[in-house]
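Colleague: Sequence:
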Amino acid sequence: MNIILFGPPGAGKGTQSDFLVSKFQLFKLSTGDLLRNEISKKTELGKKIENIVNTGKLVSNDIIDSLIESVVSNPQYLNKIIFDGYPRNLEQAQSLDKLLKKFNQKIHLVLSLEVSLQSVIKRITGRAICKKCGKIYNEFFNPPPANTDCCKGDNLQKRKDDNEKVVTSRYETYQNLTEPILKHYEGSGIVKKLDGNLEIKQIMGQISKYIEGLRG
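In the numbering used here, the protein residues as written are -13 to 202.
None of these hints come from the bench; they were simulated from the model.
Virtual Cβ for every residue (Gly too), placed ideally from N, Cα, C.
Take these hints with a grain of salt, some might be off.
What follows is a list of derived Cβ distance ranges for each label pair [stated by the list, open to error]:
hint, residue 1, residue 2, range
1, V45, T1, 24 to 32 Å
2, Q161, K138, 30 to 38 Å
3, K151, Q62, 37 to 45 Å
4, S26, G175, 33 to 41 Å
5, H94, C119, 37 to 45 Å
6, Q188, F126, 13 to 21 Å
7, V57, E77, 15 to 23 Å
8, P61, D19, 18 to 26 Å
9, D135, L168, 41 to 49 Å
Let's have the full structure, built from the sequences with the hints guiding it.
Modeller: This is the structure:
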C-alpha cells in the first residue's frame, strides 16, 4: 500500500509517518532525507544539489523526480511507500502519477492532517529544547517541570525561525500549494481528512482503521 501524508508544519506528520513505518512495515520516503543522502554520497548529483541548497535556492522538480524514481523503481519497496512531504505541488503530483503508473503502482490512500493556524503557532512558537539534556518541551502543552535543575533558563533554546510571522507564512504557503493537490486526489475517493488537534494515539487509531479497512 502506498500512502501520502499531508499536513502543515507542526501537524505531527513525522510522528504519524514513523508510526506507520513501524506498524505496517512501510518505507518512509522523505525528499529531505533523499537529498541529504545524495549529498553525503558525494555523487555528481549530490554535489549539484549541495550547491543549490547552499545558495538558498529550491531544488528543481527534475532532480526530485529522479530521486523519487530511484525508490519507486526498487522492487523492495513495491506498494510499501509512505510519501512524507511529497508531492509539494500539483506538478509533482502529476509527475508522481506517471512514475507510479510506469512501475505498475498507485496511491491507495491520501491522509491529510487538518490543524488550525492558531494550533500550529502554539505548537511551534512554544517549542523549546534543553541544550544540556536534549529534551523537547512546549510552554503551552508540555512545559518543563518546575523543580528541574537542568531544563530551565538559558538552557532552554528556541530556533530563530520558530516565530509567529515565519510560522504563519509557512502555513499559508502550505495551504495554497496543498489545496490543488488534495483536489487532484479527491476524484479517486482516496482522501481522508483527520483532525490533527486530537491526541496522537487517537489519530493513530483512525489511520489504522483506514489502512486495515483497505487491506480487508
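Colleague: Mind listing which of the numbered hints don't hold for this structure, in increasing order?
Modeller: none
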